[in-house]
Amino acid sequence: MKYIDEYRDAAAARALAEEIRRITKRSWTIMEICGGQTHAIVKFGLDQLLPPEITLVHGPGCPVCVTPVETLDAACTIAARPEVIFCSFGDMLRVPGSAVDLLRVKAQSGDVRIVYSPTDAVAIARANPDRQVVFFGVGFETTAPANAMAVYAAAQERLDNFSILVSQVTVPPAMIAILSAPHNRVQGFLAAGHVCTVMGFWEYEPIARRFRVPIVVTGFEPIDLLEGILMCVRQLEAGRSDVENQYARAVSQGGNQPAQQLLREVFEIADRNWRGIGVIPRSGLRLREKYRSYDAEQRFAIATAAVARETECISGLVLQGIKKPHECPAFGTRCTPEQPLGATMVSSEGACAAYFRYRGRIASK
Amino acid sequence: MTDPEFHLNCPLPLANHEQVLLAHGGGGRLMQQLLEQVITPAIDNATLQSRHDSAVIEVGGQRFAFTTDSFVVRPLVFNGGDIGKLAVCGTVNDLAMAGARPLFLSLGLIIEEGFAMERLQGIMRSIGSTATAAGVIIVTGDTKVVERGKGDGLYINTAGIGIIEYQQQIAPASIRAGDAIILSGDIGRHGIAIMTQRENLQFETAIASDCAPLHREVAALLNAGIEIHCLRDLTRGGLASALVELAQTAQLGIQIDEHAIAVTPPVRAACEILGLDPLHVANEGRFIAIVPQAHAAAALERLATFGTDYAPALIGQVTTADPGLVTMTSLIGATRIVDMLSGEQLPRIC
Numbered sequence: 001m002k003y004i005d006e007y008r009d010a011a012a013a014r015a016l017a018e019e020i021r022r023i024t025k026r027s028w029t030i031m032e033i034c035g036g037q038t039h040a041i042v043k044f045g046l047d048q049l050l051p052p053e054i055t056l057v058h059g060p061g062c063p064v065c066v067t068p069v070e071t072l073d074a075a076c077t078i079a080a081r082p083e084v085i086f087c088s089f090g091d092m093l094r095v096p097g098s099a100v101d102l103l104r105v106k107a108q109s110g111d112v113r114i115v116y117s118p119t120d121a122v123a124i125a126r127a128n129p130d131r132q133v134v135f136f137g138v139g140f141e142t143t144a145p146a147n148a149m150a151v152y153a154a155a156q157e158r159l160d161n162f163s164i165l166v167s168q169v170t171v172p173p174a175m176i177a178i179l180s181a182p183h184n185r186v187q188g189f190l191a192a193g194h195v196c197t198v199m200g201f202w203e204y205e206p207i208a209r210r211f212r213v214p215i216v217v218t219g220f221e222p223i224d225l226l227e228g229i230l231m232c233v234r235q236l237e238a239g240r241s242d243v244e245n246q247y248a249r250a251v252s253q254g255g256n257q258p259a260q261q262l263l264r265e266v267f268e269i270a271d272r273n274w275r276g277i278g279v280i281p282r283s284g285l286r287l288r289e290k291y292r293s294y295d296a297e298q299r300f301a302i303a304t305a306a307v308a309r310e311t312e313c314i315s316g317l318v319l320q321g322i323k324k325p326h327e328c329p330a331f332g333t334r335c336t337p338e339q340p341l342g343a344t345m346v347s348s349e350g351a352c353a354a355y356f357r358y359r360g361r362i363a364s365k
Numbered sequence: 001m002t003d004p005e006f007h008l009n010c011p012l013p014l015a016n017h018e019q020v021l022l023a024h025g026g027g028g029r030l031m032q033q034l035l036e037q038v039i040t041p042a043i044d045n046a047t048l049q050s051r052h053d054s055a056v057i058e059v060g061g062q063r064f065a066f067t068t069d070s071f072v073v074r075p076l077v078f079n080g081g082d083i084g085k086l087a088v089c090g091t092v093n094d095l096a097m098a099g100a101r102p103l104f105l106s107l108g109l110i111i112e113e114g115f116a117m118e119r120l121q122g123i124m125r126s127i128g129s130t131a132t133a134a135g136v137i138i139v140t141g142d143t144k145v146v147e148r149g150k151g152d153g154l155y156i157n158t159a160g161i162g163i164i165e166y167q168q169q170i171a172p173a174s175i176r177a178g179d180a181i182i183l184s185g186d187i188g189r190h191g192i193a194i195m196t197q198r199e200n201l202q203f204e205t206a207i208a209s210d211c212a213p214l215h216r217e218v219a220a221l222l223n224a225g226i227e228i229h230c231l232r233d234l235t236r237g238g239l240a241s242a243l244v245e246l247a248q249t250a251q252l253g254i255q256i257d258e259h260a261i262a263v264t265p266p267v268r269a270a271c272e273i274l275g276l277d278p279l280h281v282a283n284e285g286r287f288i289a290i291v292p293q294a295h296a297a298a299a300l301e302r303l304a305t306f307g308t309d310y311a312p313a314l315i316g317q318v319t320t321a322d323p324g325l326v327t328m329t330s331l332i333g334a335t336r337i338v339d340m341l342s343g344e345q346l347p348r349i350c
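Chains as they are written, first to last, in this note's numbering: chain X, 1 to 365; chain E, 1 to 350.
To be clear, the hints were calculated from the coordinates, so they are not data collected in a lab. Accuracy of the hints is not assured; some may be wrong.
[What the hints assert, rightly or not] Listing some non-contacts, in silico: residues in chain E with all C-beta distances to chain X over 12 Å:
1. Ala23
2. Phe66
3. Arg216
4. Glu272
5. Gly275
6. Ile332
[What the hints assert, rightly or not] Only pairs whose alpha carbons sit at most 20 Å apart, straight line, appear in this in silico DMTMM-like list of lysine to aspartate or glutamate:
7. X:Lys290 x E:Glu113
8. E:Lys150 x X:Asp160
9. X:Lys106 x X:Glu53
10. X:Lys25 x X:Asp9
11. X:Lys106 x E:Glu113
12. X:Lys290 x X:Glu312
13. X:Lys106 x X:Glu338
14. X:Lys106 x E:Glu199
15. E:Lys150 x E:Glu204
16. X:Lys323 x X:Glu53
17. X:Lys25 x X:Glu70
18. X:Lys290 x X:Asp111
From the three backbone atoms N, C-alpha and C, an ideal C-beta is built for every residue, glycine too.
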């Protein structure tokens, strides 16, 4: 398959791993931000090819993992209402709120539907004028333009029975938060390729300068990731801290301008709570005043209550790259994909689930 | 910007399921738990414990295979088949996986009020022609009609009896370390065909289900004198669930090679787009045969005569390392665990 096969070539992967090994003189800790990259690294066993001096740590870029419990509770409350058709991407359905998850709400008679695009939810609203259709607008800059488009389209059509439950977060403030933390160990970043497809990488240049960290925009296939790591190590060994673009076949510095324009039209920047981490200032998006009537929280007058904290789960530390999944005492015993303590064990992009599925029980031996 | 205050929180979700979820029927780990914790304890016996696709029972010195399966697929008609063809093939295949020659089937229909007569006739014709082609006779049946809204159009249950004419003990308990694992063709077609039609997803190449009876391929292996230790058709949980189940039942390790597992380009493309792993996608016309290494070449040669688009392949072997675990050498040469899914495979956000 074009653009896939050539990026999964075993000989090319070995050559890149060998080059990384050759140039690595010191120990370095590099964070891949995106959950999709974590998934690929563990699935293909890329970390097994790297020299011991290179430690990969996993970042907060799994949209499922960082959606706050309070928002999941709001989703479940709305989805349980008889007049509501609640639409969501598939992997949000399994994530636990404080009492139930959306799959259980569905089992208890909630009309919960999996959609592949927010515009599908708009079409459902159009076809069901006597029902309230709510879309669970979760994710990073990758999902935000399509979510903005759904709200924009609903507003253009004056579809009064459509609304969106927004839990939209952005990457650069999370990177700043990680680098600012006193216990930070991240020395270089692999930035998430598809986020940059939308946003470009101009936002990363001040971060690289301020914190003196190399940032390499990186794709998702094995060769992409190994190239990204190689470019990052080259910079670290040379004492450079630039923003470089490994994923040039999809990403330009300015990104997708019409998508960014649509984002600015519909959303504005806001503080956001990240599950397992806490509030990161200016790290999220909320609907602008003009579109606020499409905000499901407002429409259903949902008050999000703070949820009591459970201390055993270390997903917050995992999401910041401070701990690896198998360093958690509950990993694979009290915490499994069937009975997860935290969202990082639930989502297929979550670092704990990726380790459990592909590595955990080998690593723990 | 000020440093954010990090709070490490994650509330404990409910540990036990108070209701049955769709995921309990997904062929993954939750389904195993449902069987182990709720269903099997009430009816436990030695035959059930063998965890085979069919029960093998002995009457008057002759061994028979006996099995049942229910079909609740949506849409009822899909590219490459329909619920009727699936109901016949599914039961024929369960019998074949015990090394049996399928003989007789029963047919139970649960029809929803309002179901179009013409659709029912079409599905019945498909049942009839599939049974004839597979050489089985439907000898008994049952028809119920339920109120509108209380069924999904049509549910079908089939049960089947086959005769075992070979002395081999084809069962998970016969698997030995060193055995070869042979996969009969490419994987993932049925699940993707169903999903693309159910969700109305358009791909450039239409993907047809692999739905087909498998007893002739099994008979060809047996007639060629190939020693078969175990067979398993790949259904809901895909290749991954079948291998994990066998590794756990036999308490042996299974090592497979990603390079050897065929996936058609359209199925691979659909899986990439939807964030699915082909190893977990359902099949209805593929099986694995676990045979001694010495018989692997002959088995491959026999299966190749059936002419699927993708040749049968030796995909791995049984080991004493890592009992109960399936490991796979990835495309780039590293090793990873192959696991069952927890429940249903859900498309990813991005």
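Quiz item: Which earlier hints can't be squared with this structure?
Solution: Violated: hints 1, 4, 5, 6, 7, 8, 9, 10, 11, 12, 15, 17, 18.
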